[in-house]
Amino acid sequence: MLRASAHATGESIALRAITDRAVAPLLTAGDELLAFVDALLSHHDDLGAASAALTEVAGPDAVVRAAAVAGNFQMMNRLVDATGVPIGASLRAIAGDLGLG
Amino acid sequence: MDSAAIDAVVDDQWSLLGAAGAWLTGEERIELIRIARNDATHVDVGLPVRTAATAVAHHSATITADAVDDVESRGVQREQYVEIVGVVSRVVAIDTFERGLGRGPRNIPAPRPGEPSRSVVAAARRRAGWVPTVGAIGPPTALTAVPAEASAQESLHAVLYLSYPEMADLHAQRGLTRAQMELVASRVSYLNHCLF
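Chains as they are written, first to last, in numbering that gives the first Met the number 0: chain A, 0 to 100; chain B, 0 to 195.
No lab work stands behind these hints: they were computed from the structure.
Accuracy of the hints is not assured; some may be wrong.
Facing chain B, a subset of chain A residues (Cβ under 10 Å, in silico) [stated by the list, open to error]:
1. Ala-5
2. Ala-7
3. Ala-23
4. Arg-64
5. Arg-77
6. Pro-85
Simulated coverage check for chain B against chain A, where a stretch passes if three residues somewhere in it have a Cβ under 8 Å from a Cβ of chain A [stated by the list, open to error]:
7. 1-8
8. 31-40
9. 60-71
10. 99-110
11. 114-123
12. 179-185
A quick note: this is a predicted structure, and the numbers were derived from the prediction, not measured.
Beta carbons: idealized from backbone N, C-alpha and C, even for Gly.
Chain A with its partners taken away, still in its complex shape:
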């Protein structure tokens, strides 16, 4: 969905940034979004600073939506992993591209 949505809107995206924080995501506010997610899920990093940085580059609504989307995928990840939803061939291929699986 990330690749498809970026392609549809003409945005640039480096998929490797998902798994390697040394890679610039290219997407607008991408670095700040990734830092926000990392701080949010780690419970250790400085979430306040990450939130402030995201607000600075993308506005307060971006923080609300990033928190909401992160929450949603915390739910969906657990749901699919716990119920045995099969992973399709296309997702496996992308996971392979990213060095996962």
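Given chain A's structure and the hints, the job is docking chain B onto it.
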């Protein structure tokens, strides 16, 4: 959609966690909140339920078909397991959202009286996944053996992210562009070791 609109839906969902579901009492569902948060135990839900809830909350990527079989062999019906998955995954979602906004965790809801309905969905069958579903298993149908859980999950999904029909719109914007939303989703999945 602003945080107040999301809060309105989350308020309703949070309150309902204290009500009896199809397979668990309100007190048992509230205990699942404590398990998801690693809080102290208040209610004895039994070791198999506790084991399942702990796995869903804290290491869901390691759950296997054998593990679900084992929980069932120790007395947790598949539909009850589905309710555990639904409740725990929503608690984690809501707690994550609150933390992202710099807010503390919500207070534990008050338990409501009532007994589980124990109603079985006749059309739900085991197919490719580990739980019975109505139709082929996928993210939208994974909880359909317990309709209230499927409905709650779908509502929360719609307000936190996009509704299932809206997902077809690659130009959707809600505070972030669709690609930015997907970047967040992908990083969360990566950190959870989930290929979804």
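Status of the hints after comparison with the structure:
no., hint, verdict
1, Ala-5, "4 Å, holds"
2, Ala-7, "4 Å, holds"
3, Ala-23, "12 Å, violated"
4, Arg-64, "3 Å, holds"
5, Arg-77, "4 Å, holds"
6, Pro-85, "5 Å, holds"
7, 1-8, "holds (count 3)"
8, 31-40, "violated (count 0)"
9, 60-71, "holds (count 4)"
10, 99-110, "holds (count 3)"
11, 114-123, "violated (count 0)"
12, 179-185, "holds (count 7)"
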